[in-house]
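*Asks:* Protein chains in written order, with the working numbering: chain A, 1 to 750; chain B, 1001 to 1159; chain C, 2001 to 2290.
Worth flagging that the hints you see were computed from the coordinates, not collected in a lab. If you're wondering where the values come from, they're calculated on a predicted model, not measured in any experiment. Don't take every hint at face value.
[To be verified] Heads up, simulated DSS-like pairs for lysine-lysine below, C-alpha to C-alpha not over 30 Å straight-line: (1) B:LYS1003 - C:LYS2245; (2) C:LYS2040 - A:LYS105; (3) C:LYS2133 - A:LYS617; (4) C:LYS2025 - C:LYS2053; (5) C:LYS2040 - B:LYS1003; (6) A:LYS749 - C:LYS2245; (7) C:LYS2040 - C:LYS2053; (8) B:LYS1003 - A:LYS505; (9) A:LYS119 - C:LYS2040; (10) A:LYS54 - A:LYS181; (11) C:LYS2237 - A:LYS119; (12) C:LYS2025 - C:LYS2040; (13) B:LYS1085 - A:LYS640; (14) A:LYS243 - A:LYS253; (15) B:LYS1003 - A:LYS119; (16) A:LYS8 - B:LYS1085; (17) A:LYS281 - B:LYS1003; (18) C:LYS2053 - C:LYS2027; (19) A:LYS103 - A:LYS190; (20) B:LYS1003 - C:LYS2027; (21) A:LYS119 - C:LYS2025; (22) C:LYS2040 - A:LYS617; (23) C:LYS2040 - A:LYS281; (24) A:LYS181 - A:LYS8; (25) A:LYS393 - A:LYS181; (26) A:LYS103 - A:LYS221; (27) B:LYS1003 - C:LYS2237; (28) A:LYS251 - A:LYS281.
[Said to hold, decoys possible] Taking beta-carbon pairs under 10 Å as the criterion, some of the chain B residues facing chain A (in silico): (29) HIS1005; (30) GLY1012; (31) GLU1013; (32) THR1015; (33) PHE1017; (34) LEU1018; (35) SER1044; (36) ARG1057; (37) GLY1140; (38) ARG1156.
Where a beta carbon is used, it is the ideal one built from N, C-alpha and C, also for glycine.
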Amino acid sequence: MSEAREFKYIGQSTIRPDGFDKVTGRANYGADLSLPGMIWGKILRSPHAHAIIKRLDTSRAEAFPGVLAVATHSDFPSVTDQAIESGEGSLTLLDLARNVLAKDKVLYHGHAIVAIAAKTSAIAEQALALIDIEYEVLKPVMDVREAMAAGAPILHPDMFTQGLAEKPTTASNVATRLEYKMGDIEAGFKDADVVVEREFYTPTAHQGYIEPHACTVRFEKDGQSMIWCSTQGHFDVRASTAKLLAMDLGKLKVIASEIGGGFGGKTTVYLEPVALILSRKSGRPVKMIMDRDEVFKATGPGSATRSWVKIGARKDGTITAMQGRLAYEAGAFKGSPVMMGCMTAFTPYAVSNMYIEGFDVVVNKAKVAAYRAPGAPQAEFAVEMLVNELAVKLDRDPIDLRLQNAAQEGTQTIYGPKFKRVGLVECLEAARDSKHYQQALAANQGRGVAAGFWFNVGGQSSVHINMNPDGTGTIVEGSPDIGGSRASMQMMAAEAMGIEPGRLKPIIGDTENVAFSAGTGGSRTTFATGMAVIEAAEDVVAQMKQRAASMWNVTAEQVEWVDGVALNTAGEDRLSLAEICAGADRTGGQISGRGNINARGAGPSFAVHLCDVEVDKDTGKVDVVRYTAVQDAGKAIHPKYVEGQYQGGAVQGIGWALNEEYIYSADGLLENAGFLDYRIPVASDLPMIDAIIVEVPNNFHPYGVRGVGESGIIPPLAAVGYAVENAIGVPVTDLPLSPPRVFNLIQGKG
Amino acid sequence: MAKLHITTSINGEATEFLCEPHETLLDVLRNDLQMTGTKEGCGSGDCGACSVTVDGRLTCACLVLGVEAAGREIGTIEGIGSSDKLSVIQEKFLEHAALQCGICTPGLVVSTQALLEQNPNPTEAEARYFLAGNLCRCTGYDKIIRAVLDAAATMRGAA
Amino acid sequence: MAVVDYNAPQSVQEAVALLSGSDIKTKVMAGGTDLIIQSKSQAVEPLRVVDLKHIAEMMSYSLDDGGLSLGPCMCCAEFTALHDVEMLYPGLVEAAYLIGSTQVQGRASIGGNLCNSSPAADTIPALIAIGAKCLIVGAGGERTVAVEDFVTGVGRNCMQPGELLQRILVARPAPGSRDAYLRFIPRTEMDIAVAGAGVSVTLDSQGVCTAARIAIGAVAQTALLVASAADALVGTKLDEASVAKAAAVASAAASPITDRRGTIEFRRHIVGVLVKRATLIAKERAQASL
């Protein structure tokens, strides 16, 4: 459908339409809205990792001058449990309610308990200190081994492991067990000449978006309410909040502000329902902003994991068996992305015999939320480290070994479908042929190769395009723009309509003025919202042709549309889009096109990364000296923003591999809840990141688009991890590779 | 608590405000003066999103008390570029796609301007180290550094 | 503490008067990069702030045959741009340059870094290595204290209520005498030191070390002047064996803790590596200055 197609506008790196606002500070983010009469909300958070709330008395705080409202879990109407849509996360309503404001028990350091609204945030903070609260402190469980051990303290007495052959009778911290399989795993290993197996560990890591969660809300006396918030999915915010507070969807308007980073972490609610309760009780608009400290303590990071993987291959390099067991931390409530870890771990490989088991485990840490390709980076770290180890054992080049076993069109996946056309082979070849791969390594340097797979999703998107009498138009879409997707929407509409992109202005509508759109996540936006944009643009073109036909007294079939101009094939007439718009009042009124879809056919995006590191053997310090990120975009609508996704994902992965981790005390208290000691990469830590765009079109999208937002964070953990292993000659199993850990490996202290 | 009356100059314009002693310059800019271009990412000087200049020196507004603005010249993102034209730095950021979510961008533009005033011909390493106090989570810094070096070259060429 | 009262005295006497006999907790402020963060984190106790940046002598410096006389509140960005100072005290300048980001450099000061008295402060080992002294003034008069005696514990120093640090004094280094400072952090910037080492060596015209001072930081409650480590260098040509010995002695003198920035074993090891590397840099600089 879109092979070797010439595009007029697609594929250029235009200046994004919201760029002026972003570089001047004019763009309005979650904390930037103030309303007349607005008051400030602040939250009291648990100082303990695991405790029963024995006594709670807010009367002194309520009486403090300047305090106008107090909220606790008892302010939620009683709800029956149900699943909640929240991007790529998974949550139930009861769990969400208990996470947003604790009921009876606190389950992690920082767990929200009471909210106070007051005339200033300083008064609200002072009033928090007047809340009388008594805890019975319980022993916390802080990792999967502890949580799964016999006799472990149980977080939820009503949690019985799902997915076991026999229904258990005792409560557990294991919420779910699942498995995927294909072929005959035992036969597969019998067939192998070489087997590698190892256990791996990845730490709790946070998405690290620079903008803290923030909202300004207003609950009116007639029940009409408004939420302005920083979110990846304002329709999901509406749905969750309405369910929590038993409100009609039609009474709650949610406006998505500009968003200062999300990466999956802003696909759920924390402040919004609480602020709305405070607004209802005080009769005033309420602003709530998280401190940086609160963001780390009380929002959802990505799961810490323990994985065991085993791979078998014949001498000739054919992989015959892949097996794994993954245990993922869900945090305080069930719902880690272990299922997606199971589904993606072995998927870059065409191997007939696969078996993988997954455990979703609760621990006394913040409830995890989606983090960019949730579940995949952790599992792929283990697999790719072992594939590299296998390559060494077989004396094969690591890219070559992967090419021999690469998933391709027709490969059966462990989770069900057979692949349509995919670009892993092309990515591997591009990596192999890259300048980077030809570079020799210097002393104390090592190289790692790794691949990654993400399904990408489709889902619901709605768009309408409203034309103006002067031939300009507005594209109204419903996907909050995290990374510059507005520019791509503008170009896709322009391409479909045959007019200059600058004539179309893309805006993101709120929940009242654009139809339902699923959140920005799952690498879906350019794909699915893009498809809706194209559908709406084609609808506009169809109507334009109708209008021209009626003006010329011919049928619509006799009108051709070329480069924004209607041509009468039965005569010489031509009318530009602008001319048709100018006369639209006389042909039936101004034209508006729409696209409402539930997109199917999202094309997976494979990624292959190369990393060279240099290790200071006296200190264990690791420097990334060279990095290349190769990924299949299907068709890059805006190449620079596609590169940006590759580079951003790579650097998050580098941080996860080298220095990022949540550090807890023996009592389960988070010790590094700030950017000082939660160490994300800074500019001086990195070289340039070479981004290579491979284009193997996805035939289900009119322009061949594959989502690209997520796959880029998957390979770096093993690319960096194995580069270090290669440099120091010692197996790497645990992340992050901070200097003390690397130094200990070099010293042989493991 | 009684508020203090402070007279200062922001982006060359004489400005007055009332604030409590504990308010930072960041609180004053965002809440008292509604100048929300300067962003808060951490409140502790670790992220650079609130970068401003005080008497020409680059600093974090969250690490300056509002009262300290008295008699000083404060420079914020709102003062960069004019009402009808972007500065070269801002143009280069857009050209190079050196922003994705844009929350770190105002701080980076202010910091880049301070860098190039001090060092019109920085090497890649000098630019990276100078800007190490500006965290970005979206871009991986690659396109930011390209934009900075290109802006430097353009400004040298135009000088 | 929440700031409830702000004062900007124009003279040292005025500042001392504000510090003496205050009814609420009172602290001086230089750059404020530590104080403002601390005041936010325990926002209950009221705090009176005495901003010293309007006092000319707190912000200025002089450099002559007697040495360096430094106003403690000069911001690091300004201090590290002083070429004449850098020529004589490159280690102190590089230590000052390492404090935080460019933004923090625009406010933070050596005096503030010293008086905040964190075990991991970067300038303290560097100041100790060059034998710097603190000129302290209060209602009772003036006194001079060596930097190694100034800091008394974690976040604590020898100043009494009502006293402030007025000047930092460093003797002019002779030809053949230079310093160096290194710290170790997990990233390339933006981290608090896991360990730090300040070293000053004096060489004679034959390249023999006639004097040395070694100070280690972030590996004990305070920065430590390790005389026995320096002794291992004196009389030698700073050859590999002597430097290694000095590093080992320094390592042994450390009493680090395990926290979110490093373990005991790792810090002990790293400080030895830093002492070795800093000694070699100081040696090169000392040779070049002959």
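*Asks:* Against each hint, give a clear statement of whether it holds in the structure.
*Replies:* Hint check:
1. B:LYS1003 - C:LYS2245: 60 Å, violated
2. C:LYS2040 - A:LYS105: 28 Å, holds
3. C:LYS2133 - A:LYS617: 37 Å, violated
4. C:LYS2025 - C:LYS2053: Status holds; Cα separation ~20 Å.
5. C:LYS2040 - B:LYS1003: 18 Å, holds
6. A:LYS749 - C:LYS2245: The hint holds at about 24 Å.
7. C:LYS2040 - C:LYS2053: 21 Å, holds
8. B:LYS1003 - A:LYS505: Violated. B:LYS1003 to A:LYS505 sits at ~44 Å, over the 30 Å cutoff.
9. A:LYS119 - C:LYS2040: 19 Å, holds
10. A:LYS54 - A:LYS181: 47 Å, violated
11. C:LYS2237 - A:LYS119: 69 Å, violated
12. C:LYS2025 - C:LYS2040: 15 Å, holds
13. B:LYS1085 - A:LYS640: Satisfied, since the Cα-Cα distance of roughly 24 Å is no more than 30 Å.
14. A:LYS243 - A:LYS253: 14 Å, holds
15. B:LYS1003 - A:LYS119: 15 Å, holds
16. A:LYS8 - B:LYS1085: Answer holds: A:LYS8 to B:LYS1085 is near 29 Å, not above 30 Å.
17. A:LYS281 - B:LYS1003: 29 Å, holds
18. C:LYS2053 - C:LYS2027: 13 Å, holds
19. A:LYS103 - A:LYS190: Distance ~52 Å between A:LYS103 and A:LYS190 Cα, so the pair is violated.
20. B:LYS1003 - C:LYS2027: Distance of about 20 Å is within 30 Å: holds.
21. A:LYS119 - C:LYS2025: 27 Å, holds
22. C:LYS2040 - A:LYS617: Roughly 40 Å between the alpha carbons, so the hint for C:LYS2040 and A:LYS617 is violated.
23. C:LYS2040 - A:LYS281: With Cα atoms ~29 Å apart, C:LYS2040 and A:LYS281 stay inside 30 Å; holds.
24. A:LYS181 - A:LYS8: 46 Å, violated
25. A:LYS393 - A:LYS181: 26 Å, holds
26. A:LYS103 - A:LYS221: Holds, because 27 Å separates the two Cα atoms, which is no more than 30 Å.
27. B:LYS1003 - C:LYS2237: This hinted pair is violated, its Cα atoms lying about 64 Å apart.
28. A:LYS251 - A:LYS281: 17 Å, holds
29. HIS1005: This interface hint is violated because 18 Å lies over the 10 Å limit.
30. GLY1012: 16 Å, violated
31. GLU1013: With a minimum Cβ separation of about 16 Å from chain A (threshold 10 Å), the hint on B:GLU1013 is violated.
32. THR1015: B:THR1015 check fails; min Cβ-Cβ to chain A is 17 Å, beyond 10 Å.
33. PHE1017: Not OK, violated: B:PHE1017 not within 10 Å of chain A, min 15 Å.
34. LEU1018: Nearest chain A Cβ about 13 Å off; hint violated.
35. SER1044: 6 Å, holds
36. ARG1057: 20 Å, violated
37. GLY1140: Hint on B:GLY1140: holds, closest Cβ of chain A at ~3 Å, below 10 Å.
38. ARG1156: Violated: closest Cβ of chain A sits about 21 Å from B:ARG1156, beyond 10 Å.
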